[in-house]
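Engineer: Here's the letter readout for the chains.
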Amino acid sequence: MTLPRIELPTPVRRTIVKNLNCKDVSVLISRQHDQPLTIGEKFWLRLHLYICNGCRNFANNMQMMRAAMKRYLDRDK
Amino acid sequence: MMSETSPESIGTASIESHRSYLLRYALLQLRDQGAAEDVVQDTLLAALEGATRFSGKSSLKTWLTGILKHKIIDQIRRQSREQPLVSGDGEGSEAEAVDALFLEDGHWRQPPSNWGDPDKALENKAFIEVFEQCAKNMPAKTARAFMMREVMELSTEEICKELEISTTNCWVMLHRARLNLRECLELKWFGKPS
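For the record, the sequence lines run as chains A and B. Numbering follows the numbering used here, in which position 34 of the first sequence is assigned residue number 34; successive positions increment by one, without gaps. Numbering follows the numbering used here, in which position 99 of the second sequence is assigned residue number 99; successive positions increment by one, without gaps.
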């Protein structure tokens, strides 16, 4: 299977031979909450999340933080 | 055709009922009780004066929030003119705080833990209080960008424009803010032995 030609995000270009490290991934996960990632970024992110428990938890934690913000603002007083 | 919430039906009482929501919203962004109360007061007054302009197409709360947003942005502009957050202030220590979370090779020093069933925590009043405490303890500059994104739901473009920073800088700030808030929640809530 050949991968589609993709524009690699800076952290990926930097570590092209290795996988993204967790710090790079936390940057992508954060940015995902602000704008859509590129196809390339999504691909490398998913690949990393597949093998990394910590980053999967981080991604879930981020979603929960967003939900908590809504809940906090909307709570009845 | 009569809309369900005709302008005549908006009175002081229905507008007032949203005061505490608006105040929480403003306080998260402005971090100053006096300033937050002022913008909310201005918003409620503007809403009463302009009640006829409320079309009923959106909910009253959404309409009020829209007015509040403008008042908050004006206030942020005024604040940054009068007492700008010193650029570089605490910047180094914030970068260090992020670095401290990772090992040299970019792995987590302490991998984030599984927070379990989100609904369970979100239903818990004590958790929401810890969340509030953590949100209010974030460093000023990162918090300002983070709240613009998460409370006011501005796009990063709008935030960059407002704060006169680059997109990259904006993402850096939001990333730091999220790591900071997550760390606080992990320590103060999820790290607790249950």
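Calculated from the structure, these hints are not laboratory results. Built from N, CA and C at the ideal position, the CB exists for glycine as well. Errors might be hidden in some of the hints.
What the hints assert, rightly or not - These stretches of chain A come out as covered by chain B in the derived footprint (C-beta under 8 angstroms, 3 or more residues): (1) 23-34; (2) 37-48; (3) 69-75.
Engineer: Each hint: holds or not?
Structural biologist: Hint check:
1. Here the stretch 23-34 of chain A counts 8 residues with a CB under 8 angstroms from a CB of chain B, which clears the bar of 3, and the coverage holds.
2. Using a Cβ-Cβ cut-off of 8 angstroms, 0 residues of the stretch 37-48 of chain A lie near chain B, which falls short of the minimum of three, so the contact claim is violated.
3. Given a C-beta distance limit of less than 8 angstroms, the hint that chain B covers the stretch 69-75 of chain A holds, as 6 residues qualify and 3 suffice.
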